[in-house]
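K.L.:
Top line first, the protein sequences correspond to chains A and B.
Residue 1 is where the first sequence starts when you use the numbering used here, and the numbers rise one by one after that.
Residue 256 is where the second sequence starts when you use the numbering used here, and the numbers rise one by one after that.
If you are wondering where the hints come from, they were derived from the structure by calculation, not from laboratory data.
In this text, all values refer to a predicted model and were calculated from it rather than measured experimentally.
Glycine included, every Cβ here is placed at the ideal spot set by N, Cα and C.
Treat the hints loosely; a few may be bogus.
[Stated by the list, open to error] Distance ranges between label pairs, derived from CB positions:
#1 A:Pro107 / B:Val395: 57 to 65 Å
#2 A:Gly158 / B:Gln485: 36 to 44 Å
#3 B:Asn291 / A:Leu71: 46 to 54 Å
#4 A:Val242 / B:Leu334: 44 to 52 Å
[To be verified] Covered stretches of chain B, going by a simulated chain A footprint (3 or more residues, C-beta under 8 Å):
#5 432-445
#6 490-502
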Amino acid sequence: MKAWLAPVLFFGLLLGVWQILAATGFWSPIFMPAPLEVARFFVAGVRDRSLLEATGVTLKRLLLGYGAGLLLGLPLGLLTARSIMMEKTLGLLALGLQTLPSVCWAPLALIWFGQTESAMFFIVIMGSVWSILLATDAGVRNVPPIFLRAAQTMGSHGFHSWIHVIAPASLPFVVTGMKQGWAFAWRSLMAAEIYITILTGLGLGSLLHYGREVHAMEQVIGIMLLIIAIGLLTDRLVFSPVERYLHLRWGTGKN
Amino acid sequence: MQPIATLEHAPAEKLVVRAISKRFEVSRRTVHALDNVTLKIREGEFVCLVGPSGCGKSTLLNLIAGLERPDTGEVLADLKPVIGPGSDRMMMFQESALFPWLDVMGNVLFGLKLKPNLSRKERREIAQFYLKLVGLENFVHANIHELSGGMKQRVALARALAPNPKVLLMDEPFAALDAMTREQLYGDLQEIWARRKKTILFVTHNVREAVCLGDRVILFSPYPGRIQEQFEIDLPRPRDINSVELARFATQITRALKQYLKPDLQEVAE
Numbered sequence: 001m002k003a004w005l006a007p008v009l010f011f012g013l014l015l016g017v018w019q020i021l022a023a024t025g026f027w028s029p030i031f032m033p034a035p036l037e038v039a040r041f042f043v044a045g046v047r048d049r050s051l052l053e054a055t056g057v058t059l060k061r062l063l064l065g066y067g068a069g070l071l072l073g074l075p076l077g078l079l080t081a082r083s084i085m086m087e088k089t090l091g092l093l094a095l096g097l098q099t100l101p102s103v104c105w106a107p108l109a110l111i112w113f114g115q116t117e118s119a120m121f122f123i124v125i126m127g128s129v130w131s132i133l134l135a136t137d138a139g140v141r142n143v144p145p146i147f148l149r150a151a152q153t154m155g156s157h158g159f160h161s162w163i164h165v166i167a168p169a170s171l172p173f174v175v176t177g178m179k180q181g182w183a184f185a186w187r188s189l190m191a192a193e194i195y196i197t198i199l200t201g202l203g204l205g206s207l208l209h210y211g212r213e214v215h216a217m218e219q220v221i222g223i224m225l226l227i228i229a230i231g232l233l234t235d236r237l238v239f240s241p242v243e244r245y246l247h248l249r250w251g252t253g254k255n
Numbered sequence: 256m257q258p259i260a261t262l263e264h265a266p267a268e269k270l271v272v273r274a275i276s277k278r279f280e281v282s283r284r285t286v287h288a289l290d291n292v293t294l295k296i297r298e299g300e301f302v303c304l305v306g307p308s309g310c311g312k313s314t315l316l317n318l319i320a321g322l323e324r325p326d327t328g329e330v331l332a333d334l335k336p337v338i339g340p341g342s343d344r345m346m347m348f349q350e351s352a353l354f355p356w357l358d359v360m361g362n363v364l365f366g367l368k369l370k371p372n373l374s375r376k377e378r379r380e381i382a383q384f385y386l387k388l389v390g391l392e393n394f395v396h397a398n399i400h401e402l403s404g405g406m407k408q409r410v411a412l413a414r415a416l417a418p419n420p421k422v423l424l425m426d427e428p429f430a431a432l433d434a435m436t437r438e439q440l441y442g443d444l445q446e447i448w449a450r451r452k453k454t455i456l457f458v459t460h461n462v463r464e465a466v467c468l469g470d471r472v473i474l475f476s477p478y479p480g481r482i483q484e485q486f487e488i489d490l491p492r493p494r495d496i497n498s499v500e501l502a503r504f505a506t507q508i509t510r511a512l513k514q515y516l517k518p519d520l521q522e523v524a525e
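Can you make the complete structure from the sequences, with help from the hints?
P.N.:
Below, the structure is given as structure tokens:
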């Protein structure tokens, strides 16, 4: 059997069952639209560009917030792993804040920044930075000391060791952390967009929210599917290749 | 710049360890790893340190490598005090300590990239040369996990040799290998040592291995680590580990070693 056949059959079957159930009137269209309705919503959304714009707005927020989360989390994770002082202070703070669901930042962000892009930015950073920091910390701590000793005897020290030994040696952990950070950034942005209305741009979360308010279930379901698709796509296009490369190099994983 | 040392003027003593002591705190107990150890190693000499686990021979190697500092005493390399690691003294470990994020070539290039005044092309040529020397010229782009234990130690040897250190410090580098691979590497190491004129300090707890490789075998006893006896091995090279003459030396040294062991450590002497 071809590799793509199983998933195509599986998702085709799901869609088929959904369409049949909708056609038989098993669900009221108020609760669950037929897949064809959702497809029509997509076509209309692409034609009047509203869906494309919302996707653009959301992805821009996501990339900015996640990017800032990486810029903060990666170096801070290195610091907490290598300094006992930082571990006891910043590390503890990160551990605490990581347990806080990121939607809890929304009320605070709303009061501090108002209904602005800054509020979104803030929530996405808070949602992603702590898990990135903690994963980097764990990655650095898991670097076998013998790597550093070997590098030292070859004349590596200080900054060179950080860049050429500690960073690459902790990569498998760090990539896992980056992936988790991405998932957290995504979740916190959706929560923020549903919770906070911003006039400078309607994101996917806002469209989802308004879909409910006007009882447009094809919009609600359609946006949900779109969010899933974007998540799957980033995993397949960005993280999976990196992980596959690491497995190949390190000799980990099943393949 | 220091003057270029010709063979006549080169210090006869490549390494000098002078009255070194070192203690460690291990779970609130003090371990006296080395007690007043003094040792001189001539240029081009192959010296094996033998002793049971815990006799401080690895610690001594780390001190000479500059990875650790002695409590008292000092280490001189080329008559200059050792204050840290230096690429004139390359270390090889029991685990290959190869970097899994680099391929074979990348690992051998690592130390070369830290040497200034080499072009990209020169670095690659040097790396190729040493990979050929250890018989791995066909595995230049292999990943580390694809290599066998013996191949890994060969890469580690190439990596240690590539920056052209005068001194090689080897900490039980063949202990984790099977007997066949080990015997092959004994031959290779003796050949490389003779051809490249290295000074080698080799730590092992295998007496036969020490006799097979060393010009001199130094016997350590544990708790605290001290030098007990030294044996000059004047057998012709290359030596075969299975030869009768070698076995005679090994028996003699093993007998000496047993005197210094506590009863519960007898089995280490084989």
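K.L.:
For each hint, tell me whether it holds in the structure or not.
P.N.:
Here is how each hint holds up against the structure:
In this structure the supplied range 57 to 65 Å holds for Pro107 of chain A paired with Val395 of chain B, their Cβ-Cβ distance being about 59 Å. Distance hint check for Gly158 of chain A and Gln485 of chain B: the Cβ-Cβ separation is about 39 Å, which falls inside the suggested range of 36 to 44 Å. For Asn291 of chain B and Leu71 of chain A, the Cβ-Cβ distance of about 53 Å falls inside the hinted range of 46 to 54 Å, so the restraint holds. A hinted range of 44 to 52 Å holds for the C-beta pair Val242 of chain A and Leu334 of chain B, which are about 50 Å apart.
With a threshold of 8 Å between beta carbons, the proposed coverage of the region 432-445 of chain B by chain A is violated, since 0 of its residues qualify and at least three are required. Using a Cβ-Cβ cut-off of 8 Å, 0 residues of the region 490-502 of chain B lie near chain A, which falls short of the minimum of three, so the contact claim is violated.
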